[in-house]
Amino acid sequence: MTRRSPGGWRRVFGIPLVVGIAGIVGLVSALVFEGPGWVAAWIGVGLPLALVVWFVGRAYGGRAASRSDPSPR
Amino acid sequence: MTAASIRAWSFVHKWTSLICTLFMLLLCLTGLPLIFHHEIDDWFGAMAEASPATGERAPESRIIARALADHPGKVVQYVGWDMHVPDHVYVILNDAPAADPNAATSKVYDIRTAAPLGEPGSAFMRVMLRLHVDMFAGLPGTLFLGAMGLLLVAAIVSGVVLYWPFTRRLAFGTIRPRRSRRVAWLDLHNLLGIVTVAWLVVVGLTGSINTLAQPLIGYWKQTELGAMIAAHAGRPTPAQLAPFDAMLARAKAHVPGMTPSFVAFPGTPFTTGHHFGVFLRGDTPLTARLLRPVLLDGETGAVADARTLPWYLTALLVSQPLHFGDYGGMPLKIIWALLDIVSIVVLGSGLYLWWTRRARGGAPAGAALPEAARA
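Heads up: the sequence lines are chains A and B, in that order. Under the working numbering, the residues of the first sequence are numbered 1 to 73, in order. Under the working numbering, the residues of the second sequence are numbered 1001 to 1375, in order.
Among these hints, one or two may not hold up.
[Said to hold, decoys possible] Cβ-Cβ distance ranges computed for the label pairs, FRET-style:
id: 1; chain 1: B; residue 1: Pro1310; chain 2: A; residue 2: Ile43; range: 16 to 24 Å
id: 2; chain 1: A; residue 1: Gly57; chain 2: B; residue 2: Trp1354; range: 22 to 30 Å
id: 3; chain 1: B; residue 1: Asp1095; chain 2: A; residue 2: Gly57; range: 52 to 60 Å
id: 4; chain 1: B; residue 1: Pro1331; chain 2: A; residue 2: Ile21; range: 19 to 27 Å
id: 5; chain 1: B; residue 1: Pro1331; chain 2: A; residue 2: Arg58; range: 21 to 29 Å
id: 6; chain 1: B; residue 1: Gly1348; chain 2: A; residue 2: Gly57; range: 19 to 27 Å
id: 7; chain 1: A; residue 1: Val39; chain 2: B; residue 2: Gln1320; range: 18 to 26 Å
Source of the hints: derived by calculation from the structure; they are not laboratory data. Positions of the beta carbon are idealized from the N, C-alpha and C atoms, including for glycine.
Turn these sequences into a full structure, and let the hints steer you where they fit.
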């Protein structure tokens, strides 16, 4: 995609891909299995919310504690 | 990605989003209470408590007789059983078998005593539902919202493409609250948007599929049902309806292992002018969505025909839970609601980002890139 970063797509799209697959698996599992399927759905479909809470909390909650920007890898 | 292709994708993202955003906000806001419609109806509705469980059941014919006595001049269109509320029998009445669905009256009866329990739903939820389904504009409104759903999917796809140039130099989940307010909102838009892609695509696509319900059922009537009707051409409307309970028992016996979901009376949209249509369901979460129609002679109550549902109606029925989020208990409903709220933030921040760029004099989309990509 770009000459600058071979495999860079994995850094950018890796986590979104995992989140997307977990969500789809969760959505389907509750449809097919009651019980364990429900739990899988709560985890898979709820994963985006956990990530949002984590990253927004880190950016805004840590503001008072630390004065430096989170640096890119 | 070249600057030209970023500009092209930005153009697609901007316009597909702008056209559908207001309608998506309406759908997200009205959809929020709809996720909890059972609970809200319980609070606002005026439904009486069902009698204590005894294992007994009133014959359906008694419930139907009671409903007709309660609503003089009306006819019964449908009788249904809610898989989530086993105490309730739904009876839908109208002025005529094929009258306007929006003019129908729904009433809930006690499955054991046949006593009326009240009207299902509440006025508040009915308004939310109409706004969500057709904006009080009938089938054109529904189809329009379906088209908006497809635009949303296009906006998501272009957004995913743009996610690359905007975030490739940033660690995943970077939010820069100390940069300008615009940068912080851009970061938030990117993060919230990218993690909800799968969910929003599923809800958007299944919602669009749901908007096709009426045309798909119409097509099914013309083709499959049409073939069944042809075999009974020229049969008059039944002068005297067959005894309901015996008819229902025959339908159940015809498809062992399935339970009735609803019965369509002769002349209603889901059956022919001469037949009862009994729609049976399985009992696992998936098979409960896959209805199996059995047609029974309206006069004799004999099984006339039974077919499996065509693939497009199966797709429609399976897409409904995936849109409603009502198939994984209360935790899934809460997750659904929170993802709905996240989507509202994505829509709102997108609008804000477009507006602030516009206010700055409409710099081309690529111009935002160095600012966005600098870590």
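Against the structure, the hints:
| no. | hint | result |
| --- | --- | --- |
| 1 | B:Pro1310 - A:Ile43: 16 to 24 Å | violated, 35 Å |
| 2 | A:Gly57 - B:Trp1354: 22 to 30 Å | holds, 27 Å |
| 3 | B:Asp1095 - A:Gly57: 52 to 60 Å | holds, 57 Å |
| 4 | B:Pro1331 - A:Ile21: 19 to 27 Å | holds, 20 Å |
| 5 | B:Pro1331 - A:Arg58: 21 to 29 Å | holds, 25 Å |
| 6 | B:Gly1348 - A:Gly57: 19 to 27 Å | holds, 20 Å |
| 7 | A:Val39 - B:Gln1320: 18 to 26 Å | holds, 22 Å |
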